[in-house]
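Kindly produce the complete structure, drawing on both the sequences and the hints.
Just so you know, the sequences run in chain order S and R.
Numbers in our numbering are just positions in the first sequence, counted from 1, shifted up by 38.
Mapping to our numbering: the second sequence position 164 is 158, numbers consecutive.
Calculated directly from the structure, the hints in this document are not laboratory data.
Among the hints, a few may not be true.
Said to hold, decoys possible - Stretch by stretch, here's where chain R covers chain S in the computed footprint (C-beta under 8 Å, at least three residues):
(1) 201 to 207
(2) 233 to 246
(3) 421 to 433
(4) 523 to 537
Values in this document were obtained by computation on a predicted structure and should not be read as measured data.
For each residue, glycine too, the CB sits at the ideal point set by N, CA and C.
What follows is each chain in one-letter form.
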Amino acid sequence: MRLFATALLLAFCAILGGAAHQTWPDWWWHVRKPAPEVVFARRIQPFLNATCYECHDSSTHKGDFALDRLALPVPGNDSRESWERVLQHVTSNIMPPADAAQPAPAARAEFITWLDRTLHPVDSKNPDPGRVVIRRLNREEYKNTVQDLFGITFNPSESFPDDDSGYGFDHIASVLSVSPLLFERYLAAAEQVASAVIPDPLPPPRIFAAPPERWTGGDSSGEAALFSNTALTWKTSVPAAGRYRLRLSVAEDHMGNEPARFAVRLSGKTIQELPANGSRRRPRNHVVELSLPAGPISIQLAFLNDAYQAATDTTKQQDRNFYLQDASLEGPYLNPDDPRPEVRLPAWVESPRAGENRFDWYARVLTPLVRKAYRRTPKPSEIDRLAHLAQRSETLGDSSAAALQVALQAILTSPGFLFIGDAPASATTDKPQPLFDHAIATRLAYFLWNGPPDERLLSLADRNELRPQLVAETSRLLADPRARRFINNFAGQWLEVRNLPLRTPDPALYPEWSPSLAASMKEETLRFFADFLTNDRPLTELLTADYTFVDSRLAAFYKLPSPVPSANSSEFVRVQLPPDRRAGLLGQAGILTVTSYPNRTSPVLRGKFILDKILGTPPPPPPPNIPSLAEHSANGQPSTLRGRLELHRSNPSCTSCHSLIDPIGFALENYDALGRRRESDGGQPIDSAGKLTTGEAVNSPVSLSTVLATARSGEFHRNFARTLLTYALGRGLDYYDRPTIDRIVTTAAARGHTLPAYIDAVVASIAFQNQRPDSPRAPAASPATVAFNLQN
Amino acid sequence: MPAPTPPFSLNRRQFLTGLGAMVSLPVFESLIPGPVLRAAEASAAGSPSLLSPPLRTAFIYVPNGVNNAHWWPTGGGSTFSLGSSLSALEAHKSDIQVIAGLGHKKANGNGDGPGDHARASATFLTGEQARKTSGSNIRIGRSIDQMIAAGIGATGGHRLPSLELSCDPPRQTGNCDSGYSCAYQFNLSWRSENQPVPAERNPRLVFERMFGGGSIQDTVESRAIRARQRRSILDFVMDDTRRLQRDLGRSDNAKLDEYLTSVREIERRITSFESFAARPDAPLPTGIPSDYEEHMRLMCDLMVLSFQTRSTPVATLMFASEASGRTFPTLGITEGHHSLSHHERRTDKLTQIRKIDEFYIRQFAYLVDRMKNVREGEGTLLDNSLLVYGSGIRDGDRHDHTDLPVILAGRAGGRIQTGRFLKASDQPMTNLYLSMLDLHGVKADRIGDSTGRLKLA
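Below, the structure is given as structure tokens:
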């Protein structure tokens, strides 16, 4: 206080005194550009006085915290941390406590904005691009990366542990780490990929189990037994030609002076005859060497000397039988004098040139591979060490295919492949730096394809020609089928429809629920969103569209006249929705289902979803120790959910948030927990009317969507920009991103707020193309740039 | 090209039948890692018994608190009657102790506002306050299981320093509890203050992890080749990482350090690979069973197998993660667990919560029972183990973290008392953990917010 109370100030304040209880109009901030001291004295100190000082001034200093002793939170003062706590507590409604007098919402909002802007000044001319820490590929990206690089179709990341998520997405750099378990899985996946990409004609031997139940033709159902001169047969398939060891564990019922004998036959041809002279308790073990071709094989064990003698007066019954207790096949092996099978390398591996030594050959064939895998030009030292690794592997007895496999495994488990790093060109400065072209190519590809950059992107980056081509490249990537991955991952997570297969609606209440219905619901929303890539419509139509996409299953579910060609068609087609029944995303079954409980709708969950995911104004969290609904219903419980929630809202500590959430959620009560239209619930007509805290009246789901798309379109667009930028960067946004968001929205507005306009604006943003160098220091802000612009 | 399919696909019963053959052996000598054997022999030199069984410890987590009215015993000390929710443990009453009075004050908001579910699981084994962040700068603390793992460490010679298991469904997308990163809510184990240890939920992969350097189909020869190749790959990768680190700044380096630590741990396992060559002659368990109870029991079986074969000294098992919204159709419960746990004191909801409590206790009783049926020397595997079963929330409707429902099973080799209802004075849960570290011979002055030791003897 000591700093600011000057006579001049007081005189100035007297002029404005009349406005004390209203927030200052925007023009005032712009025209007057008030000095921090003025703002503090006129707007903030009265707020602190009325709201905080009762407990937190020098005389009371509850919790050892006295606000009036804190210096103003401008840069250079050491009071920042304390003010950060104030900001956090007031924002999350922890302060003032629920049992104390509450400030008017507008006054609270003004205080929060002031404190936020004061603590977190931004330079809107030169926004801080922020910094994305080196980020490992997540499961989905890993799968797409190896599939795109090598054309394989299986998914080697299926057994990776789940990725932790943050800020609503599962590829946030700071959250992803590498555990020993994950690294183990990286090794296994690399082996799987390497052996698929570079087939080894002589793979390491494996054991193929052949327990008795796999053999057919036996005379007893419980075990593999032969009681007559017939044969057991095992059909299997081996991966490569070579020598195999057939291990057998056999037994007999003994008779006479000759053991049971059997023949091992391969496709009918006898390989060897052997005795089965063991008991079933102590079986006899044999190893038979077989020379097998690659592919399907059939092995028989034929009983050769069955014998039987019925009991006589003097002798007991005698019977010779054959039993197989266990079997396995091991291989392939190579004997020292066997010719080594010819290695056939994949087409991309060029053959050694005349006179070329092994090291040079490995270096030559690995270079293009490393470039693709590391998404940049490999360093000579990297190639040298990989070539050395392959050469050494060959020296130790591996074939050239196996040696290349080892090198490929090393590539696939090294940080160059597993991590996306955006290290700027120079790390000797603390000023933001433009990213290398290769880093931009990588960002762009993982943003729009969820996968690696292709050859065109890499070669543009190689020639440093990517930046001028970014707009064209963005369009090219979006036109590619791989852009569907952007839809799946971005919209699937933003709108939470990715969770649909995991939902478990109560089967008694919702017998219609099935995995295929869940899949159709999910596809509807994704298909609908994907349409905005090409339809040139403004994003607000995501909320208001009078059409959607259905297959025959959904058409029946929505009771729409089926426009789908055939009743069983799983094809999705665009359909017109009947007016006033449904509109846009908030009329889609998938979103209405993921915002419901398994056995009922939840206006609170739906309201929160819209505030959080659509408007980007999440309601403040509930106060600690929420009283339960039952405590209020002393006079008997009201019969409807709405009635009970309204009672809940009558509690002052609940009302501030629930008056934000509930009217929005109630407007969607016309849809049940699977999103089907309904006019009544439990015999009571649905009442979807209400008034939003911002004043707009709604009386139906469609009117809610209209309000959100018109009166609240500013918040909707800002939130979309934030969500898209978070996804594109793989980091949570911070205060310094505010100017970037502003610019994205402004740029997209000039192009009619279309989806491609937002994507282009994100790609063009300073945050996307630049990076603050890695430094432990907080971003510096000069006092001269402190802005008190409340309009932001 | 299709993915190689696993050679077998057998259900739990077949898996168990296979294991049954092994259980008849006095000790699974062939499966006990060589270094473990040698370490044990050295310490028990001259002793006629082959091995003095080591202490094995597990932590089993259940979410959303319990219906306290039916959960707690009546009486006290050694004369007590189990609460009705715990009736499945009646047969094991003399092997367990129910402990009242333990709490996690660091799971309270303490100025951070709501997020009790995220904090409950994050704090459960760490006793630390989770930093409220949705992603950047995650920080909690090292968990007790990881302290045991590190304390026993390489000298133990186990196949795995620790084992983390979960019966959760795949992760859902979206935001987690009230501004906390999902990492807090889904992980119990933390190897450092910012690195969670993810849990495995696929039984087949758990089995392969314990007993295979790779595929279960490997022959001795191919294992040797694989080990040689992997060693050279890891050398390359570590060298590569160090070179990369030179060019990077501080925060990037921190990420690569996490990576490098994991590479080193795998390298250590491959280096000691020869001692782990043996594996149980049992058919492979399947992937994830569709039936939840079957899944939990299979995970319990695997935990027993890992302890029996001394593959690891410590395990964690999340029956379900915090705030789990699972429904229980087989119990006639179709509302989600979390939503039910906000029971508003309504009888119908409390009854369903009690049923869920009983259900989870039945699975725990199954684990206790299995461990009791494994003979070890003069006693049983359970006698030589400690199992902590509990929730980080007392009552789901109140989100309170004091006087948590906690059961301790096993006798830690006869070093602690059992068969009692221990009403401890109000104190941190970490006091129990500190005493457990003592039993493991791992030295520590405190864990998280511990203020002393809980007397167990």
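Are any of the numbered hints broken by this structure? If so, which, sorted upward? none
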